[in-house]
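Note that the UniProt record's numbering gives residue 142 to position 142 of the sequence shown, counting from 1, and the numbers run on in steps of one.
By construction, these hints were calculated from the structure, which means they are not laboratory data. The model shown is predicted, which means the values in this text are computed figures rather than measured ones. Just so you know, not all the hints are guaranteed correct.
Here are the simulated lysine-lysine pairs, DSSO-like style, with alpha carbons at most 30 Å apart [as the list claims (entries may be wrong)]:
id: 1; residue 1: K65; residue 2: K463
id: 2; residue 1: K205; residue 2: K463
id: 3; residue 1: K194; residue 2: K205
id: 4; residue 1: K194; residue 2: K423
id: 5; residue 1: K65; residue 2: K419
id: 6; residue 1: K194; residue 2: K419
id: 7; residue 1: K423; residue 2: K200
id: 8; residue 1: K65; residue 2: K200
id: 9; residue 1: K200; residue 2: K419
Taking CB as the label site, the calculated pair distances span [said to hold, decoys possible]:
id: 10; residue 1: T382; residue 2: L144; range: 27 to 33 Å
id: 11; residue 1: K423; residue 2: G141; range: 28 to 34 Å
id: 12; residue 1: E204; residue 2: L244; range: 45 to 51 Å
id: 13; residue 1: I251; residue 2: K419; range: 32 to 38 Å
id: 14; residue 1: N390; residue 2: P180; range: 40 to 46 Å
id: 15; residue 1: A271; residue 2: D228; range: 20 to 26 Å
By construction, the Cβ of each residue, glycine as well, lies at the ideal position given by its N, Cα and C atoms.
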Amino acid sequence: MSTAKGKLIAIDLSAGIIRKWKETYQWIPIFGSFLAFATAFVTGANSIPVPFSTSVGSGALTFLKASILACIINVPVSVFAINSTGDALLSDFLKENQPSEGFLMWSLVVVLITTIIWLALATYLELPVSPLQSMQSALLGTMLSTRRVHSIIMWDKDENKNLNGVGLIRIILEWAVAPPIAGVMAFCFFAFLKIAVLRKENAEKRMLIFLPICYGILAGLLCLFLMDQVIPRMVTTEAWESTLAVILATIIAALLSLLIVVPLARRRWNAIERTSIRKGNKSQKHISAKSPNQAPNDETGDQEKIENVIKEYMEMRVLETIYEEDEKSCASQATMPDTNNVSPMTTSFRAPTQFTTPLKQLLESTPNRLIQTRNFQKINKTTSRDNFSNFFEALKSSTFSPGIEYGRRTLVRHALAEKFDEKIEDLFSFPQLFAACIFALSQSANEIGAVVSPYEAIHDIFKYRAKYPGNEDVGLIQGTCWLRAVGGFIASIGFFLCGWRLTQGLGGKLTYVSNCRGFCSQFCAVATMILVNRLNLPVSSTHSFIGSILGVGIADDPSVSSSLCAFLITYK
Numbered sequence: 001m002s003t004a005k006g007k008l009i010a011i012d013l014s015a016g017i018i019r020k021w022k023e024t025y026q027w028i029p030i031f032g033s034f035l036a037f038a039t040a041f042v043t044g045a046n047s048i049p050v051p052f053s054t055s056v057g058s059g060a061l062t063f064l065k066a067s068i069l070a071c072i073i074n075v076p077v078s079v080f081a082i083n084s085t086g087d088a089l090l091s092d093f094l095k096e097n098q099p100s101e102g103f104l105m106w107s108l109v110v111v112l113i114t115t116i117i118w119l120a121l122a123t124y125l126e127l128p129v130s131p132l133q134s135m136q137s138a139l140l141g142t143m144l145s146t147r148r149v150h151s152i153i154m155w156d157k158d159e160n161k162n163l164n165g166v167g168l169i170r171i172i173l174e175w176a177v178a179p180p181i182a183g184v185m186a187f188c189f190f191a192f193l194k195i196a197v198l199r200k201e202n203a204e205k206r207m208l209i210f211l212p213i214c215y216g217i218l219a220g221l222l223c224l225f226l227m228d229q230v231i232p233r234m235v236t237t238e239a240w241e242s243t244l245a246v247i248l249a250t251i252i253a254a255l256l257s258l259l260i261v262v263p264l265a266r267r268r269w270n271a272i273e274r275t276s277i278r279k280g281n282k283s284q285k286h287i288s289a290k291s292p293n294q295a296p297n298d299e300t301g302d303q304e305k306i307e308n309v310i311k312e313y314m315e316m317r318v319l320e321t322i323y324e325e326d327e328k329s330c331a332s333q334a335t336m337p338d339t340n341n342v343s344p345m346t347t348s349f350r351a352p353t354q355f356t357t358p359l360k361q362l363l364e365s366t367p368n369r370l371i372q373t374r375n376f377q378k379i380n381k382t383t384s385r386d387n388f389s390n391f392f393e394a395l396k397s398s399t400f401s402p403g404i405e406y407g408r409r410t411l412v413r414h415a416l417a418e419k420f421d422e423k424i425e426d427l428f429s430f431p432q433l434f435a436a437c438i439f440a441l442s443q444s445a446n447e448i449g450a451v452v453s454p455y456e457a458i459h460d461i462f463k464y465r466a467k468y469p470g471n472e473d474v475g476l477i478q479g480t481c482w483l484r485a486v487g488g489f490i491a492s493i494g495f496f497l498c499g500w501r502l503t504q505g506l507g508g509k510l511t512y513v514s515n516c517r518g519f520c521s522q523f524c525a526v527a528t529m530i531l532v533n534r535l536n537l538p539v540s541s542t543h544s545f546i547g548s549i550l551g552v553g554i555a556d557d558p559s560v561s562s563s564l565c566a567f568l569i570t571y572k
């Protein structure tokens, strides 16, 4: 009788302790859910612009279309592909280093807050960073504050010293490995593309030969990503099966491109040529009607050369005018003359709309626009209603317009960049989008879905407290698909509302971006990520893209210092 009564007392005591523990810590999962969604928001503002920045900067996509495409990609892939990120973050960092379960949840809350602050600051400063790497660094900082330096995992907790493990050296390798590989690959690929295709007289024929190869390689990369990171999480695959699937995907895509894309490109070029011939005939008839005694000039080749020479001269003259105006504006800021003594000629010359029109005509191949700077000699007073209206007008133009507004110095660099045939550039628009979608798939599978992993760990600790006694294997974390889906959706909203900062920085401030340049940077970034993953080395999608876009910029301008200065100094 006493034994049964003792068991009842023990059960009641345990139930009371559990009930008291849940009542004490139940606010942490609620607060952590808000922090997790805030982390997803700032992650979308900082990381999602990386795959779509070149497409928006080159005019292949509007910002609204890029936001919709990002939502379509991130929501399902975040649910489907991320299965073990939360396990790795928890088991490799914190499970054996915390004194209690409550302190473990507190540590994860601190990790979320730290990640939010850093990603928000980086987004405001237009610095692309890796959200997964930021979260890992925050976890290392939590360990450093609890168990000091000896608790930091320098390489890996396994005896085999596997590079797939999580440690401080792994995070440093993420900074050092991917950018140089992507930069060298992008430099070589874009230099080869310029020499072999873009700069040739018969560039159209060479482009028709290159198109099947391009689509075949992109399809092979997509299949390799699926066979390497997605399908093995559902079923076991052999190496020969993955190799065979990649080869078949490459061959099928190349054949389909040869049968469908190439004839469509030829038909489009023929239509453009017929349209240009009609316009030329109309202009010749108009000239002959004005001057009947003057014989028409049949030497169209010489006429085109003369027009090109005149156009180049006018371009250089416009650039000289811009530099002269910059010098005058810098000198005028020191003196600040009285507005009453300024002549009408000088005032009209200082108005932005007067001297920026030739520059806009010079940049016909790019959708980017010049920022209309404020004239400090006359500042008009505006009401709150006017400010509210101007804000929504600016939001509307930046969302629905394909172009991005840049400063004068950035647009001068764009004007000095080498321009290629518009018909060739147009054919690179869809391969660029294809490569950007593959990039977004890989990024979402590895990084976007990881932002809710600390909250999954908090929820798992709160719900299954008994399996966290410390220094034991906690098994799988019970993550929910709907939570990851909501995280991917909120990340897409963060990209739509605040992603324009990084899109503007990566889409043109670093270097001039056209369709062919965007394709090279996206393709080399994806290839680098897949290659480094296959070598069992750590990789960051953001760092891979930064390396590839720098490689394209250096190949476009052999002066290494100019590209690095454009990266380190962001001109407004």
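Comparing the hints with the structure gives:
| no. | hint | verdict |
| --- | --- | --- |
| 1 | K65 to K463 | 40 Å, violated |
| 2 | K205 to K463 | 64 Å, violated |
| 3 | K194 to K205 | 14 Å, holds |
| 4 | K194 to K423 | 15 Å, holds |
| 5 | K65 to K419 | 26 Å, holds |
| 6 | K194 to K419 | 11 Å, holds |
| 7 | K423 to K200 | 14 Å, holds |
| 8 | K65 to K200 | 34 Å, violated |
| 9 | K200 to K419 | 13 Å, holds |
| 10 | T382 to L144: 27 to 33 Å | 50 Å, violated |
| 11 | K423 to G141: 28 to 34 Å | 53 Å, violated |
| 12 | E204 to L244: 45 to 51 Å | 35 Å, violated |
| 13 | I251 to K419: 32 to 38 Å | 35 Å, holds |
| 14 | N390 to P180: 40 to 46 Å | 44 Å, holds |
| 15 | A271 to D228: 20 to 26 Å | 41 Å, violated |
When the structure is compared with the earlier hints, violations turn up for hints 1, 2, 8, 10, 11, 12 and 15 and for no others.
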